[in-house]
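Asker: Chain order of the listed sequences is A and B. Here the first sequence is numbered in this note's numbering, starting from 149 and rising by one per residue. Here the second sequence is numbered in this note's numbering, starting from 1240 and rising by one per residue.
Please note that the accuracy of each hint is not assured.
As the list claims (entries may be wrong) - For lysine-lysine, the following BS3-like pairs were computed, each having C-alpha atoms within a straight-line distance of at most 27 Å:
1) B:Lys1561 <-> B:Lys1636
2) B:Lys1336 <-> A:Lys182
3) B:Lys1276 <-> A:Lys201
The hints are simulated quantities; they were obtained by calculation from the structure and are not laboratory data.
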Amino acid sequence: MTSPLQQKLKINGSSVVTANRTWDGIVVYRTAAKGWSADLAEAAIVRTPDEAKALLAEAVADDVGAIGPYIAPVQVDDTGKILPGNLREQIRRDGVTIDLPV
Amino acid sequence: MYAYDEIDRTLVNERVSEFRDQVKRRLSGELTEDEFKMLRLQNGVYLQLHAYMFRVAIPYGTLASNQLRQLAHVARKYDRGYGHFTTRQNIQFNWIKLSDLPDALADLAEVGIHAMQTSGNNMRNVTSDQWAGVAPGEIEDPRIWSELIRQHTTLHPEFSFLPRKFKIAITASDHDRAAIKVHDIGLRLIKNEKGETGFEVLVGGGLGRTPFIGKTIKHFVHGRDLLSYIEAILRVYNQYGRRDNIYKARIKILVHELGIEKFSREVEEEWQQIRHSSLQIDDEVIEDIRSRFIYPSYEKLPHMPDELRQAAADPDFEAWRKNSVAAHKNPGYAIVTISLKPIGAPPGDATAEQMDALADLADKYSFGEIRVGHEQNLALPHVAKRDLPALWKALDKLGLATPNVNLITDIIACPGLDYCSLANARSIPIAQELTRRFANHELANLIGRLHINISGCINACGHHHVGHIGILGVEKNGEEVYQITIGGRADESAALGNLIGPGVKFHEVADVIEDIVEAYLALRERPDELFVDTVKRLGVEPFKERVYATR
Chain A
149 MTSPLQQKLK INGSSVVTAN RTWDGIVVYR TAAKGWSADL AEAAIVRTPD
199 EAKALLAEAV ADDVGAIGPY IAPVQVDDTG KILPGNLREQ IRRDGVTIDL
249 PV
Chain B
1240 MYAYDEIDRT LVNERVSEFR DQVKRRLSGE LTEDEFKMLR LQNGVYLQLH
1290 AYMFRVAIPY GTLASNQLRQ LAHVARKYDR GYGHFTTRQN IQFNWIKLSD
1340 LPDALADLAE VGIHAMQTSG NNMRNVTSDQ WAGVAPGEIE DPRIWSELIR
1390 QHTTLHPEFS FLPRKFKIAI TASDHDRAAI KVHDIGLRLI KNEKGETGFE
1440 VLVGGGLGRT PFIGKTIKHF VHGRDLLSYI EAILRVYNQY GRRDNIYKAR
1490 IKILVHELGI EKFSREVEEE WQQIRHSSLQ IDDEVIEDIR SRFIYPSYEK
1540 LPHMPDELRQ AAADPDFEAW RKNSVAAHKN PGYAIVTISL KPIGAPPGDA
1590 TAEQMDALAD LADKYSFGEI RVGHEQNLAL PHVAKRDLPA LWKALDKLGL
1640 ATPNVNLITD IIACPGLDYC SLANARSIPI AQELTRRFAN HELANLIGRL
1690 HINISGCINA CGHHHVGHIG ILGVEKNGEE VYQITIGGRA DESAALGNLI
1740 GPGVKFHEVA DVIEDIVEAY LALRERPDEL FVDTVKRLGV EPFKERVYAT
1790 R
């Protein structure tokens, strides 16, 4: 399988690095403090392929902390709030769009 | 029910210990994710959008009540209180933690359940007719042979690293409820002119990105040669199957590219070398497996008991009975399908409370046995007809008596983008909206048998290609778009549906399906002409015209 670092990075605007936490699988985002947070608001924002590559490399190196890191698009509104850039990422942040059976 | 022996129990317990150690080493960093991924997949553990997903095997769809209770326990203790029954007779838990998985597996092992053969590029859980052993007219119980294949293939090194996953389904009835024609190998149990048991063998069926209906490779393989013949097919696949391109790695592509004649010659050549080996099955082996299936001691009961006659006056009971109750090989008994498709709910989901209560009902009314069908419903296979009214009332209290089996709201749907990391579009909300649109039972009955299948991506876990109406979600310019096919079917007359036209947006899907159904009601020749037969007679054009005339 191709490593995330070998894949061609396409960056259109603001992006974050996201993954799933290893021990429980929840969605996490790479922070500027070189850690992971479950809160998108704490994610490090990258805007160029070089920045994205560097953040992704750092995330990939932390294999025990989280798995499957990748670059995900986000939007940053006028107030600086970070919003998911597509439906998939919105569902990952907010949870399923349906009521759970229990 | 099949009673596992000491070998099975040891194997399952050893597997749990092994995985516990692997998880420990993964969490400590001793194993990288690259090293661990295949190990977790071999134990049914995927990573989905929000969490790990744990897929548990229910071989040939047969569950004992204590096993269902243990699944409820896992749902309650380690997950979020529910499970999702899949199109391959498995159950999935969507929110489990990696650190909890060894304990969950250990709890399941106590009742002989495991997650082997539920993921990875190996021989998957062998599926069968959920009415096996009780369907009238069945030649013999196909689960005997499913179990034989299970025993032979579990952890078999030759089948553990195949080019891609490999699925086998078996039926022994004229009406195919196991969808054998869309499996890598489909087996139809038959008798030859001497009355000997054997199989028509189909190969190269499958859905996904490149769908094919399976082709008959041999009209009769004697039961004693079943393992050697399957092994010959797998050897040819293992030798020629493509490992360089995941999209071309399934056996269906190999059969298509080589042609069934050349493929069958290769298999025949291989088979002649191994058919008289130790793979030949002695009658005693089959009889030993047969003896480990425990069948109920049926009473001699009337075909039409008073309880049933009296209950027939209740239209709600009759509506349920008509769609949920099927004939049993023993006339005093019935097979009851339990709809996991309540109006407005995700198809195939059951709560821990429902599972526990169903286990109790199985003990009370069905000799402690439950079945799981690929349509994402459950069944109680041995219900005395006198008990049907009481069972119906109990199911109704649990929200499990929706009278829609085989009707338009009995929808098959994959988890879609709400859960799945591969999906491009949501499936469950589409299914929910459709069940609300067609919630009126009189309307659903007027429409008659109509299967809607929904997949949230081209991998086709919702089997959309073989839905009478198939709905495939794709992503186009950042939006969910749905392609609609009609005319597919998954039974003995299996066929792939045909696209009716350009894809439609998320909020338009239910309107389009309503248009298709209205067109069918206007076009059918008589009330009992099924939707799929009308489509076969007229083709897609009249439906296409109706859908796109005003769009």
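Asker: If a hint holds in the structure, say so; if it doesn't, say that too.
Answerer: To see whether the hints hold, each was checked on the structure:
For the suggested pair Lys1561 (chain B) and Lys1636 (chain B), the alpha carbons sit about 19 Å apart, so the restraint of at most 27 Å is met. Our distance criterion of 27 Å between C-alpha atoms is met by Lys1336 (chain B) and Lys182 (chain A), whose separation comes to about 24 Å. Between Lys1276 (chain B) and Lys201 (chain A) the alpha-carbon distance is near 24 Å, which keeps this suggested pair within the 27 Å criterion.
In summary, this structure violates none of the numbered hints.
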